[in-house]
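J.: The lines below spell out each chain.
2 protein chains.
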Amino acid sequence: MFMGASTNQGMDIATKSREIIRELIKDDVKNLNPIETDIVERIVHSTADPEYAKLVSISPNFVNVSIKALKNNEDILTDINMVKSGITQYDGDVYCYIKDEKVKEITKKLSQKEPITRAAAAIQYAAETGFEGIIVIGNAPTALLKAIELKETGELNVKSIIGVPVGFVGAADSKKILQKSDIPNIITNGPKGGTPIAVACANSLIQNSKK
Amino acid sequence: MFMGASTNQGMDIATKSREIIRELIKDDVKNLNPIETDIVERIVHSTADPEYAKLVSISPNFVNVSIKALKNNEDILTDINMVKSGITQYDGDVYCYIKDEKVKEITKKLSQKEPITRAAAAIQYAAETGFEGIIVIGNAPTALLKAIELKETGELNVKSIIGVPVGFVGAADSKKILQKSDIPNIITNGPKGGTPIAVACANSLIQNSKK
Chain A
160 MFMGASTNQG MDIATKSREI IRELIKDDVK NLNPIETDIV ERIVHSTADP EYAKLVSISP
220 NFVNVSIKAL KNNEDILTDI NMVKSGITQY DGDVYCYIKD EKVKEITKKL SQKEPITRAA
280 AAIQYAAETG FEGIIVIGNA PTALLKAIEL KETGELNVKS IIGVPVGFVG AADSKKILQK
340 SDIPNIITNG PKGGTPIAVA CANSLIQNSK K
Chain B
160 MFMGASTNQG MDIATKSREI IRELIKDDVK NLNPIETDIV ERIVHSTADP EYAKLVSISP
220 NFVNVSIKAL KNNEDILTDI NMVKSGITQY DGDVYCYIKD EKVKEITKKL SQKEPITRAA
280 AAIQYAAETG FEGIIVIGNA PTALLKAIEL KETGELNVKS IIGVPVGFVG AADSKKILQK
340 SDIPNIITNG PKGGTPIAVA CANSLIQNSK K
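Top to bottom, those sequences are chains A and B. With the first sequence counted from 1, adding 159 to any position gets you the numbering used here. With the second sequence counted from 1, adding 159 to any position gets you the numbering used here.
Isolated chain A, as found in the complex (with noise of 0.2 Å):
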């Protein structure tokens, strides 16, 4: 199985996706380690954006962080339910609570205090529940702010952080904030990102902690 592929023909177009991509964004990768080249590669045949490989910035402890977690099984953690269902490959658990009752309610009781989205207050309820791992956050700036605001006040014990929300309201600077914290940490530069990088970025870090 070579990026999603499970067929011949499958197989033939990924390889071939991954020869032009290297060609196009080989000047942007050339400092990289062949992990984070990987997963730069993964996430513009995901989005057949060339952009992308400008836009990504990985904290040097990332990778490896990220692996060891996945050598282990942790768990992940997501936003959305885009982001879970493209995680196909792993065997670990991978948990998304935006549409759980419990969340609805947490929602509702934290918005008289102050204004949350339902992205947030599932991250406030994954670390209730005692949630250990890694973070995957491709469409809710809001969320990722809660994680980092969360780690720092010692409530949630997150290993590393997919950061890729994606929009012109709050996006670009929730990712700068994550950038700034010590959380280690892949983010997109700018509003652009979203739910297919998010899971590009999982997947290779998942098919390379199987090596």
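Hints are computed from structural coordinates only; laboratory data are not their basis. All residues carry an ideal CB built from backbone N, CA and C; glycine is no exception. Don't take each hint at face value.
Short, incomplete list of chain B residues facing chain A, as computed with Cβ under 8 Å [claimed, not checked]:
(1) Ile180
(2) Asn240
(3) Ile265
(4) Arg277
(5) Gly313
(6) Gly326
(7) Phe327
(8) Ala330
The following residues of chain A were derived to be distant from chain B, with all beta-carbon distances above 10 Å [as the list claims (entries may be wrong)]:
(9) Pro193
(10) Met241
(11) Lys335
(12) Pro343
Use these hints to put chain B onto chain A, whose structure you have.
T.: Chain B only, in chain A's frame:
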């Protein structure tokens, strides 16, 4: 509920995002009708990539045919589960067969005769089950080509196709073929596309079909 937002803060973010996007892409959408404009705005919202306003192409009958099918709660078929899991507000049924055991069997059987991907075999399987409705392709060009082929042979009753597969191998060509067919369609020109684009388009149409 506006663009998936379920809280006041979520709503504020979605509204502000729309204002920014309208300003960014106003020249690109000036010849589109209100629902077509909504689709394009929502695609740009989901990717933070204004280039999509230039890449999207919509056939004249696409919106009317799709809205009619959605008002009747006709079935939706997606190529991969990431697309299915993003379509959360539909009163009809959303199907994706790519992980179905029967599709794995069909893939093995068909691949003895000709190269095939599992995504394409899943469309073949849907046709065999008598699927009728809207097809949403956010990933696999091979699935899109199979849907067009089965429509042309009369084996698949597809009302319209959201055809936005992604990638450097086959995606652009498959979308051109869809555009030249007589199937009501929306495509993104070139290699770019993907699951957020597919989901944004489907969700815009679903929301508009409820008005």
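J.: Hint by hint, which ones does the structure fall short of?
T.: Violated hints (numbers, rising): 3, 5, 10; every other hint is consistent with the structure.
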